[in-house]
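Going down the list, the protein sequences come from chains A and B.
Just so you know, we're using this note's numbering here: the first sequence kicks off at 2 and counts up by one.
Just so you know, we're using this note's numbering here: the second sequence kicks off at 49 and counts up by one.
Where hints are given, some of them may not hold.
[Stated by the list, open to error] Taking lysine to any residue pairs in the SDA-like style, the calculated list, with each CA pair at most 20 Å apart, reads:
1) A/K93 <-> B/D302
2) A/K55 <-> B/D110
3) A/K5 <-> B/G225
4) A/K93 <-> B/Q111
5) A/K55 <-> B/K273
6) B/K273 <-> B/D302
7) A/K10 <-> B/R112
8) A/K55 <-> B/R154
9) A/K93 <-> B/P213
10) A/K10 <-> B/H227
11) A/K10 <-> B/A117
12) A/K93 <-> B/Q205
13) A/K93 <-> B/V206
14) A/K10 <-> B/K196
15) A/K5 <-> B/D302
16) A/K5 <-> B/V218
17) A/K93 <-> B/E109
18) A/K10 <-> B/L217
19) A/K93 <-> B/D110
20) A/K10 <-> B/D110
21) A/K93 <-> B/K273
22) A/K10 <-> B/I115
23) A/K93 <-> B/E207
24) A/K5 <-> B/H227
25) A/K93 <-> B/D116
26) A/K93 <-> B/R229
27) A/K5 <-> B/E109
28) A/K93 <-> B/G225
[Claimed, not checked] Below, a sample of chain B positions facing chain A; criterion: calculated Cβ distance under 8 Å:
29) Q205
30) V206
31) N209
32) G211
33) A214
34) Q216
35) L217
36) V218
37) R223
38) H227
39) R229
40) A231
It is worth saying that the hints were derived from the structure and are not from the lab.
Glycine included, every Cβ here is placed at the ideal spot set by N, Cα and C.
Take a look at the letters that make up each chain.
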Amino acid sequence: MILKRIVAKLNFEAVEAGDGQEALDLLATMTEVPELALIDWNMPNMNGLEFVTKVRAEPRLREMTLVMVTTESEQSQIVRALAAGAHEYVIKPFTEGAMIEKLALLGLVPTGANS
Amino acid sequence: MTLSAADFAFVSALVRREAAIVLAPGKEYLVEARLIPVARQVGAASVAEFLANMQRRPNPEDQRRIIDALTTNETSWFRDREPFSALTDVVLPELVRARGTNRKLRLWSAASSSGQEAYSLAITLQENLPTGWSYEIMGSDISTEMIKRAEAAEYSQVEVNRGLPATQLVQYFERAGAHWRIAPALRRNVSFKLMNLTAPLPALPPFDVIFLRNVLIYFDVATKKSVLRNVARLLRPDGWLFLGAAETTIGIDDNYERVAAGRTSAYRVRSAVPAGTARKG
């Protein structure tokens, strides 16, 4: 819910997928690669970590920024996600401001978009 | 100018209902401090006026503002970003050239609240000082509760999300149950001291850099003057003072000169500014 609100607030155009495999299938049909993927760790069929690994192995998707958004909060998991190629990691629960700040760090929204 | 009991009860009930946050009695000062910028933003003369208007004509936008001010406006890591970039790109290289003999820097995070700014400074120095250099960071705050929190160096999941890149979270923090604690290697360079900036300050060795951000906005002009004068005594002659984006020494204390520092401004004691760049006055 909060993600939908943030995406709307930032005027981002968004598509949704139920799991990693669905997301990859969807990406394969898109002519324009999205700039950003917000990825939950826990998904059926293909989890977020596997999705990140697959995306990183795909040259066509190289420019897509990958942000894990998940309740998984062990240090070792964050390290694994970053090592697999995630650009950022947001632990749930988070506030709207926190997410926008993370996106600002990644250069996806102007600094101060929060205020 | 503390909040009236009725206003406090109104705000407490609102944030309890909307954000499940319990404001214990005694937090009147905190509520007022957080709502001052909100009242200003909506053009109310005071927090009391803002709350009175709102109770007469409740509106969701103002409700949201109050809740944000009391919840999501927790101090961020590397708040505003630019002062930390200026520190890395401009201030540290200059100080490294100037302090080659003792290779040690002292920084002060004034009004350090729960400690995020002080530890953000520590991370910046850890990553940008050459090998063989050391640093000390002092945080100060007027609230014993905040000093305790900052010394404990433990932050919730919600707090570590705020402006902290994940790479730095895993590098400079360790898990402590449901929380994250600043790693000892960083913590040992940072200390905290109870201090009232409006009272005479204790005698301390001077600082190379002082972060005094978003503090002056809460004071009247006379108090601003006295804080800036007190702080100048603890700033090394060639040191740097950083204020909040909405704050300035101009028109308040002529002993400071505003100088460009990266994409932001900093302040230096006038005599320290090289003659070629000093303005008249």
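Hint numbers not upheld by this structure, sorted from lowest to highest: 1, 2, 3, 4, 5, 8, 10, 14, 15, 16, 17, 18, 19, 21, 24, 34, 38, 39, 40
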